[in-house]
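S.K.: Heads up: the sequence lines are chains H and Z, in that order. Start counting the first sequence at 34; every next residue gets the next number (the working numbering). Start counting the second sequence at 609; every next residue gets the next number (the working numbering).
Please keep in mind that the hints were generated in silico from the structure rather than gathered at the bench. C-beta: ideal position from N, C-alpha, C; glycine also. Incorrect hints may appear among the rest.
[To be verified] Stretch-level coverage of chain Z by chain H, calculated; a stretch enters the list once three of its residues show a Cβ under 8 angstroms from a Cβ in chain H:
(1) 647-657
(2) 696-707
(3) 714-720
[What the hints assert, rightly or not] Facing chain Z, a subset of chain H residues (Cβ under 8 angstroms, in silico):
(4) N129
(5) S133
(6) D137
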Amino acid sequence: QKEVEQNSGPLSVPEGAIASLNCTYSDRGSQSFFWYRQYSGKSPELIMFIYSNGDKEDGRFTAQLNKASQYVSLLIRDSQPSDSATYLCAVNWGTNAGKSTFGDGTTLTVKP
Amino acid sequence: DAGVIQSPRHEVTEMGQEVTLRCKPISGHDYLFWYRQTMMRGLELLIYFNNNVPIDDSGMPEDRFSAKMPNASFSTLKIQPSEPRDSAVYFCASSSSDRNTEAFFGQGTRLTVV
Numbered sequence: 034q035k036e037v038e039q040n041s042g043p044l045s046v047p048e049g050a051i052a053s054l055n056c057t058y059s060d061r062g063s064q065s066f067f068w069y070r071q072y073s074g075k076s077p078e079l080i081m082f083i084y085s086n087g088d089k090e091d092g093r094f095t096a097q098l099n100k101a102s103q104y105v106s107l108l109i110r111d112s113q114p115s116d117s118a119t120y121l122c123a124v125n126w127g128t129n130a131g132k133s134t135f136g137d138g139t140t141l142t143v144k145p
Numbered sequence: 609d610a611g612v613i614q615s616p617r618h619e620v621t622e623m624g625q626e627v628t629l630r631c632k633p634i635s636g637h638d639y640l641f642w643y644r645q646t647m648m649r650g651l652e653l654l655i656y657f658n659n660n661v662p663i664d665d666s667g668m669p670e671d672r673f674s675a676k677m678p679n680a681s682f683s684t685l686k687i688q689p690s691e692p693r694d695s696a697v698y699f700c701a702s703s704s705s706d707r708n709t710e711a712f713f714g715q716g717t718r719l720t721v722v
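For reference, chain Z alone in the conformation it holds in the complex (with noise of 0.2 angstroms):
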């Protein structure tokens, strides 16, 4: 397996734009999750789907997010507006329930909202 694929892997865009990030799970997983890497938060959980639901999002920092996953592998993150403090690595990583103890990472999307 290629392991979980995100892309674009870099993005700029100006303030105000629609940002949308996509992600491939790994075949078979069944979870789904996206984080958000910062110097100054770090690594922060933003939402996660189960089978396709979303189960939690209070990761999510405001309305202007939202994550979507149409079907098994396939998830997007949206950002509308974008902002400058958007700016950061945005992670995808999958896992699945029948071996809950390792959850792999994508390649990660560095965002820069200018």
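Chain H extracted, bound-state conformation (with noise of 0.2 angstroms):
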């Protein structure tokens, strides 16, 4: 079993939807969580960070974190064409954004 566990999609919804991309973990000790975002052929680049159990709203994106059920989740509401990407979903034992487990990722299409 991998450490960060993610569906693989690929997830498709249509432009205005809401797509909620999911993430579980294994290490109970684990503190800081991270959601990145891939397009094809590209780097990842960080869209949020959560530590505390609960909502954490930034614009479109909506980061949730339950850490008695180990799961995090991403929302992106009004979702635009150009949201559609891979997204990365990252864990680790500190808050150092980098020194990072990071699952396999969920494909994202949001069709016009």
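From these two lone chains plus the hints, build me the complex, please.
M.R.: Pasting the structure below:
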């Protein structure tokens, strides 16, 4: 079992819909959680990070964390075709975004 | 700042040859990370440095891989000898301990070993 699991997808949603991306992790000691977006052929870029249980909102993006269930999710509201990418969930012990264990990613396609 | 700069962007080499990948982190960043991305294994952390010192190299797959950071503005990842299974995209990333909630990735080096 991988340390960080994501639905591989592909996930397809219509433009304007809510896209929900899920991630589970195995290490209960994990402290910080990151979501990266990676366009095809490009490098990962950080979208959001979350440390505390609950929701964290940033524009159209909401990260949700439930440490008891070892579950973290990313919601994208009003999805746009430009959101079509692979979304990587990353988990680590501390707070340094670089020292992370990554999931395999979920590929999202937003159809116009 | 120009961001994290990696070179070359693409590298094709024959099995058995030595390959050197290069990275220039963002100025002022004190952490540097080397990652490898493949379809089979995803994005894996190979090694990271703090203030030019290697801190954790547990992700380095085998002794054929080595990494150095001779100064704050330059790092190399060397594979000697290279094998076809080393074919992957290698990313370098950097971050600052003053703002360690974000790591910035370079554009990557796509390595093909034939």
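S.K.: Next step is simple, just say for each hint if it's right about the structure.
M.R.: Outcome of the hint check:
1. With 5 residues carrying a beta carbon less than 8 angstroms from a beta carbon of chain H, the segment 647-657 of chain Z meets the three-residue requirement, and the given coverage holds.
2. Figure legend: the segment 696-707 of chain Z, annotated as covered by chain H; annotation consistent (5 residues with Cβ-Cβ distances under 8 angstroms, at least 3 required).
3. Only when three residues or more bring their CB closer than 8 angstroms to a CB of chain H does the claim for the segment 714-720 of chain Z stand; here the count is 3, and the claim holds.
4. With its C-beta approaching chain Z no nearer than about 4 angstroms, N129/H sits inside the 8 angstroms limit, and its interface hint holds.
5. Contact between S133/H and chain Z, as hinted, is supported at the beta carbon level, the nearest pair being about 7 angstroms apart and thus within 8 angstroms.
6. Contact between D137/H and chain Z, as hinted, is supported at the beta carbon level, the nearest pair being about 4 angstroms apart and thus within 8 angstroms.
Hint violations for this structure: none, all hints satisfied.
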